[in-house]
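Spelled out, the chains give:
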Amino acid sequence: MAFLDGTTQVTKPPVQVSDDARGYYTLGEPLVDPVAPTGPIKDRWTNRKFENRLVNPANRRKMSIIIVGTGLAGGAAAATLGEAGYHVKSFCYQDSPRRAHSIAAQGGINAAKNYKEDGDSTHRLFYDTVKGGDYRARESNVYRLAEVSANIIDQCVAQGVPFAREYGGLLDNRSFGGVQVSRTFYARGQTGQQLLIGAYQAMERQVAAGTVEQFTRHEMLELVLVDGKARGIVARDLVTGKVETHLADAVVLASGGYGNVFFLSTNAMGSNVTATWRAHRKGAYMANPCYTQIHPTCIPVSGDHQSKLTLMSESLRNDGRIWVPKKVEDCDKDPRDIPEEDRDYYLERIYPAFGNLVPRDIASRAAKYMCDEGRGVGPAVKEVDKDGNEVMVRRGVYLDFADAIGRLGEDAVREKYDNLFDMYERITGENPYQVPMRIYPAVHYVMGGLWVDYHLQSNIPGLFVAGEANFSDHGANRLGASALMQGLADGYFVLPNTIRDYLADAPFEKIDDSHPEVQAARQDVEGRIAKFLSINGTRSADSYHKALGNIMWEYCGMERTEAGLRKAIDMIRELKADFWTNLKVLGTADSLNQSLEKAGRVADFIELGELMCIDALNRRESCGGHFRAESQTEDGEALRQDEEFAYVAAWEWGGEGGQPVLHKEDLIYTAIEMKQRSYK
Amino acid sequence: MNLTLKIWRQPDTSAPGAMHTYQVEGISPDMSFLEMLDTLNEQLNEKGEEPVAFDSDCREGICGMCGMMINGQAHGPEVTTTCQLHMRSFKDGDTITVEPWRADAFPVVKDLVVDRGAFDRIIQSGGFISANTGSAPEANSVPAPRDKAMRAFNVATCIGCGACVAACPNGSASLFVGAKITHLGELPQGQPERDSRVVGMVGQHDHEGFGGCTNIGECTAACPKEIPLDVISQLNKDLRTAMKHGH
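Residue numbers (this note's numbering), protein chains in the order written: chain A, 1 to 680; chain B, 1001 to 1247.
Read the hints as simulated data drawn from the structure, not as lab findings.
We put the beta carbon where it would ideally sit given N, CA and C, even for glycine.
Hints may contain errors.
Heads up, simulated DMTMM-like pairs for lysine to aspartate or glutamate below, C-alpha to C-alpha not over 25 Å straight-line [unchecked claim]:
| id | chain 1 | residue 1 | chain 2 | residue 2 |
| --- | --- | --- | --- | --- |
| 1 | A | Lys42 | B | Glu1138 |
| 2 | A | Lys242 | A | Asp512 |
| 3 | A | Lys242 | B | Asp1115 |
| 4 | B | Lys1148 | A | Glu166 |
| 5 | A | Lys584 | B | Glu1046 |
| 6 | B | Lys1091 | A | Asp512 |
Computed Cβ-Cβ distance ranges for the label pairs, DEER-style [unchecked claim]:
| id | chain 1 | residue 1 | chain 2 | residue 2 | range |
| --- | --- | --- | --- | --- | --- |
| 7 | B | Pro1137 | A | Lys116 | 13 to 23 Å |
| 8 | B | Asp1206 | A | Gly241 | 27 to 37 Å |
| 9 | B | Asp1206 | A | Gly406 | 28 to 38 Å |
| 10 | B | Gly1217 | A | Leu408 | 51 to 61 Å |
| 11 | A | Gly406 | B | Asp1012 | 36 to 46 Å |
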């Protein structure tokens, strides 16, 4: 039940009693969003757009904005700010802006259009998103997201995004991720691709118009601060190896998420945390870093050689039945030879009401428990157990369509899932019409990221953060089809309306490359590159990345415990020391050197990994994608501790070898009531 | 599986390149082609030899970043991207030749990495619909016939990998340009700029040094997204119409 706007009922601020992470951090001053809006929730964004100062069109072309990343958030922001007349410098590490990993999103994009007249509204999308995020997001931000969602669809259609349509030529919708209304717009299973191409084309149009300057194969390696303001970046031209400084009036980071800290994830090979982590080391707070979304239906790991994981739409769970053998000795048998009575349809057994359709985190954890018991299926892969021993474990459970094929016929199943079945067969070499699919959870999205205020500005003036890179609007868990919505909302509609309020204070002090702070940032980067090349040890950056991934997955993955997290922190610290003494990077600094690029990314992932474990250790509650074994109901369900943890954990860099500083921003709800979920 | 790899190595755009031979052992048929190259690179790194540079990013067949000539075929023997090609398509003892995309308009950057910046510049020259943020009308105010919208979607699945160019004896990017012309030309929103779009994109295509189309069809055979050849007919038709309109 949502309260009407303007009621006086307000949730209480949390008071933390437990202190699991004592000794690993220092407590800092509480944090408040300095630009948090007030008044009735439905008027907040409208009023703010009016209150924010304007920049005269004639002045805009004198102002420059750096945007790092060209996914939905970065590409949309570059296009929109370019159209407005600002001088935009856009950076991406790929060879074209169109490669950004938003392109891989399959399912769709939510928008409160209510085209189906099924009771959807801005308020319902707002409510679903806050609830789905397990009450760990800011209500004003989420309301704004729901509010601009409808404009996104209008914008994309105008750009020529070929959404699915009905016979009358109007847009089609489907329901997605277990919500009860049909509000998801889609372009077959390639919605992310089509939206990104739309943003990319809009941005390329501005490149032609001269407002956007595009720097491909460039990687941001440092943030430049002058008098405490973000004024530029240091980037490396990945082709020539040249270290360049780029200066501007404001910097936007739209560099995506850091799921690759787990080595194996559904992220792209190059997805990394470096841009946001360098900003963090320069003072930007990292918020809720432990909030990770693990998706239950991915294709399992096939061996040590595995470089990434591939997600398959969870719509498969609508018709497939998930099971493992009851007996360990059956696990290497052909599944078709295992009789019905020897199969354990464990989700149907444990959660009779929801069965195979339980939420993502529950389905994921249950699969892990089955495999931990030794009842996993598929090839055994090497891993390190809790005691540090190398063991071979089968990491897979069956997703069986035999019943659905029997009930609906193979043709009907083919019509629904053909592309997914093909993709599965291409990767595994097995035909899922004949043999049950094997699936296993994989890291997919991170809700954590750089802390931002209502204007998407970090605690560093002039540094804005958009899309998955910020700690965003998803709280502790993101709903399906909401990542695309948030990326485009930030890029097209939010950021352009907030950054102008900051730029209204321009012109800022004139600076050039000779400024001592610019010089220092550049020298830091050059020193670091020289260091990577001079260690001359024995291990590749990739091997460290794998080792880090194993630690994170084992101790900071689907289930986290106090003892496990403490152990992980020790292991990461050892790994870090080894990295800086035994890394081997061949090649030179002044050429295309992919090993060198990886080394920089892995160095930052290692530091992030430690902070994620500290954040997870401190948060002695289970919420959304974060499950602490110490905080569960008698039935093994996630249990939130609102009275202690209804806050955003914003971490300040504590210096090399120092302890991170925790700033808490209390989450106060006035328009929505906090509830615990149940799926039994 | 044990394999012999013959790989093009070239330090940079201006330096001469050559084929180098490597042996890899213990390759699993479940590895993707790129994971096989990862394995080779890990071995090279251990031996103190610089790893082979190649592009890849999403590794799920959608970003278009990867691509190489494998035994003379763009993306290798299957109709898919290099990242989705698996080693079970090869046999133990095979010798596999690996080269970068071959086209004047895609200069080699290093080893198997090429510069496809020309594709971005073709898009800049008209591959868009001009609709500033905030100016869009209500999405359902302009219905789009379903069959046309579906054709638009089917060709909009182009991932810009460049396999069409690499496969074409003329080094033509007509399939890439035709796919964009058809995508935007099938939608009502794409009509106002239809003439200027095709003229601009074709002009840039020729300026970049891509060759002309002589209807050989290697492009569509190599395309991992199976973009049909008729987009090139559409391109020619739209260009003719634009000329008639005086462009």
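When the hints from earlier in the document are held up against this structure, which numbers fail?
6, 9, 10, 11
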